[in-house]
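There are 2 protein chains.
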Amino acid sequence: MNFREEVATAFRQIQSDICNGLEQADGHARFHSDEWKHVGGGGGISKVISHGHVFEKGGVNFSAVEGPLPAFMKDRLLQEATHFFATGVSIVIHPASPMVPIIHSNIRYFETNGGDAWFGGGIDLTPIYVDTDQASSFHRVLKKTCDAFHPEAYNSYKQHADDYFFIKHRNETRGIGGIFFDYLRQEDGRSIKDIFHFVQQVGQSFLPAYLPIVEMNKSKPFSEKQKQFQWIRRGRYVEFNLVYDRGTRFGLETGGRIESILMSLPEHASWIYNYTPEPGSDEEKTILQLKKGIDRI
Amino acid sequence: MNFREEVATAFRQIQSDICNGLEQADGHARFHSDEWKHVGGGGGISKVISHGHVFEKGGVNFSAVEGPLPAFMKDRLLQEATHFFATGVSIVIHPASPMVPIIHSNIRYFETNGGDAWFGGGIDLTPIYVDTDQASSFHRVLKKTCDAFHPEAYNSYKQHADDYFFIKHRNETRGIGGIFFDYLRQEDGRSIKDIFHFVQQVGQSFLPAYLPIVEMNKSKPFSEKQKQFQWIRRGRYVEFNLVYDRGTRFGLETGGRIESILMSLPEHASWIYNYTPEPGSDEEKTILQLKKGIDRI
Numbered sequence: 086m087n088f089r090e091e092v093a094t095a096f097r098q099i100q101s102d103i104c105n106g107l108e109q110a111d112g113h114a115r116f117h118s119d120e121w122k123h124v125g126g127g128g129g130i131s132k133v134i135s136h137g138h139v140f141e142k143g144g145v146n147f148s149a150v151e152g153p154l155p156a157f158m159k160d161r162l163l164q165e166a167t168h169f170f171a172t173g174v175s176i177v178i179h180p181a182s183p184m185v186p187i188i189h190s191n192i193r194y195f196e197t198n199g200g201d202a203w204f205g206g207g208i209d210l211t212p213i214y215v216d217t218d219q220a221s222s223f224h225r226v227l228k229k230t231c232d233a234f235h236p237e238a239y240n241s242y243k244q245h246a247d248d249y250f251f252i253k254h255r256n257e258t259r260g261i262g263g264i265f266f267d268y269l270r271q272e273d274g275r276s277i278k279d280i281f282h283f284v285q286q287v288g289q290s291f292l293p294a295y296l297p298i299v300e301m302n303k304s305k306p307f308s309e310k311q312k313q314f315q316w317i318r319r320g321r322y323v324e325f326n327l328v329y330d331r332g333t334r335f336g337l338e339t340g341g342r343i344e345s346i347l348m349s350l351p352e353h354a355s356w357i358y359n360y361t362p363e364p365g366s367d368e369e370k371t372i373l374q375l376k377k378g379i380d381r382i
Numbered sequence: 086m087n088f089r090e091e092v093a094t095a096f097r098q099i100q101s102d103i104c105n106g107l108e109q110a111d112g113h114a115r116f117h118s119d120e121w122k123h124v125g126g127g128g129g130i131s132k133v134i135s136h137g138h139v140f141e142k143g144g145v146n147f148s149a150v151e152g153p154l155p156a157f158m159k160d161r162l163l164q165e166a167t168h169f170f171a172t173g174v175s176i177v178i179h180p181a182s183p184m185v186p187i188i189h190s191n192i193r194y195f196e197t198n199g200g201d202a203w204f205g206g207g208i209d210l211t212p213i214y215v216d217t218d219q220a221s222s223f224h225r226v227l228k229k230t231c232d233a234f235h236p237e238a239y240n241s242y243k244q245h246a247d248d249y250f251f252i253k254h255r256n257e258t259r260g261i262g263g264i265f266f267d268y269l270r271q272e273d274g275r276s277i278k279d280i281f282h283f284v285q286q287v288g289q290s291f292l293p294a295y296l297p298i299v300e301m302n303k304s305k306p307f308s309e310k311q312k313q314f315q316w317i318r319r320g321r322y323v324e325f326n327l328v329y330d331r332g333t334r335f336g337l338e339t340g341g342r343i344e345s346i347l348m349s350l351p352e353h354a355s356w357i358y359n360y361t362p363e364p365g366s367d368e369e370k371t372i373l374q375l376k377k378g379i380d381r382i
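So the sequences go chain by chain: A and B.
Residues 86 to 382 (my numbering) make up the first sequence, in order.
Residues 86 to 382 (my numbering) make up the second sequence, in order.
Among these hints, one or two may not hold up.
As the list makes no split between identical chains, a pair holds if one copy fits it or if it spans any two.
Said to hold, decoys possible - In silico DSS-like cross-links for lysine-lysine, where the CA-CA straight-line distance does not exceed 30 Å:
hint	residue 1	residue 2
1	Lys278	Lys376
2	Lys159	Lys253
3	Lys122	Lys253
4	Lys370	Lys278
5	Lys370	Lys228
6	Lys312	Lys370
7	Lys370	Lys303
8	Lys122	Lys370
FYI, nobody ran anything at the bench for these hints, they're computed from the structure.
Treat the numbers as computed from the prediction; the structure is a model and nothing was measured.
Make the full structure from the sequences, and use the hints.
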C-alpha cells in the first residue's frame, strides 16, 4: 500500500468511527450512504443523517479523487506538476435543538505528480448560545492534540480558525472557532508521516471534543424564541458558507457533487430584517461574544 | 434641478408609488421606513414590509450615493474619472403563500465626474410553481414597455435576464426570467433622456406586471407540501443571491448597509439533502421548467 492509499484508508476508518459515535449519541437515526464517482478518477462516500432525535441534518463525507491540476492551484505548489490526488473527510452537523452547537470539521491530504504533498484540516464549533465553560472544554481537547504535535501549533491554528471562520460583512465570527491549518508539508524535523499522525489525531479528536457537549445539552428544554434564534444563527452560517468558504466555492465553481457540497446547509434557516436582540438577553450576550480571539483556554 | 437630481426625484416617486400599490394589495401590513447615510455622501431610504396578509417579507429600497470611484469600476468607463454618483430603486418581495411568486426588480443610474453616464435595471419573477399562462402575461407587460423603447429591446433584455438569473451549479434558472439591461448609454439616435424615459416606464411596469398575478393567486389554498417546496425554492434563491448576484456581492465587499443588501433573503428557507420531487408532481414540473429561454411570449 503506497502512502496515499494508507492515508485514504485511515480517513475512511475515521469517517466510519465518527458516524458510529454520532449514531450512538443520537440513539435513533442512522447514517445513509451514497457512493459517487469523480470524472477525473476516484470518488466518494457521502454519509448523511437526518431527522434524528439529536441531529436534524448532518453529513460525514469521504472522498479520494484525482485529475488534472486546476490552474489556480499551480501557484500553491513547490514543484511543477500536471496532476493531483486529494483525499479528505468533511463533516457538518446541524442538531435539532438550539441548545446543541453546530460542528464542522475536515481533514485532507493533497499530493501532485511533481512530488509536492501536504495536509490540512481543522475542527470548529458554532454554538447557537455561547457557553464559555463549554467553549473552554472544547478548546482544551484541541489544545491537547496540538500540543502533542508542536508547542506552537495550538496558538497558531486557533488564530487561523478565528481569522478564517469570520463573517466579514457582519464583523462577527461564525462561532467560537477551534483549530484550522493548511499546507502542512514535511520540513526539517518533521516528516510527512509525523504530520499524517497529527492529522489522524485531529480526526480522532472530533468525538471527544464534541460528544461531551452534545450530552450536556441534548436534553435541555428550549423555547420558541430560542428556536427562532437558532434559525437566525443558521442563516449566518449559510452566509459564511456561500459567500466565503473556500471549499464550498471551489466545489461549486469546479462542478463538484452539489448535494455533498451543500449538505453543509441547514434544513431550516431564517433572515429577519434588522434583527436586534433584546438588551441583556442571552441572544445579545452571544452576539457580543462572536468576536475574534475569545474563549482561548 | 440638474439631471442626476431629476433622476433621483423620479426614482423616489417610483419607490413611493410601488409601496402604495403593494400595501393596497396586501390590505394589512404597511411599509416601515429606515433612512441611512452613506460614508462618501448621500444615503438612502429602505422601506420594508413584514408579516402582511400577502407579503411575508419585502423591501423597496431607494438610494442616492456618491464617493470615490472603486478601482474595479474603472475598466467599465469610457472616460477617466475619480468620483461617481449612483441612484437606484431595488425591490425584492417574498410572499407568504407558495402560490404567489417572488418578485425582484431594480432601476439604477450611474454617472462619473468624467462625463460618463448610464442606466441599468430589470424585473424578473420567481414563481414557486410555474404557471405558463401567468408567465406569458408577465412577459407581455414587459414586452410592451420594451417595444415602445426599441424593437430589439425585449429579445435582448429577456436573453440577458435568462443568462443572469441562472444558478450555474444547479443548471437551473432562478425563476422564469423577465428583462435585465445594463450600461445603457446615449448613442446615435438615443439620448440619455430617452433612456431615462424608458427606465421610468420599467419602474412603472412593476405594479401592472406583478399585481394581477398576486390577485390571481393570493387567496388560493395550499398544503404543507407546497409550503415545504416554497422553502426549498427560497433556499435556491438564497444560493443565487449569495453566490452569484453582483449587487449583493458588491455590497458585501464594499461595506454597504448589510440589512438593506440582505433584505433580499427570505424569512424562512430550507435545504433538504438530495431533494427529488415525485415523478409527475407539480414540483417536478416546475423544476423541469426552470431552464433558459422558456416562457417567451
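Problem set entry | Hints violated by the structure (listed by number, smallest first) | Structure breaks hints 1, 4.
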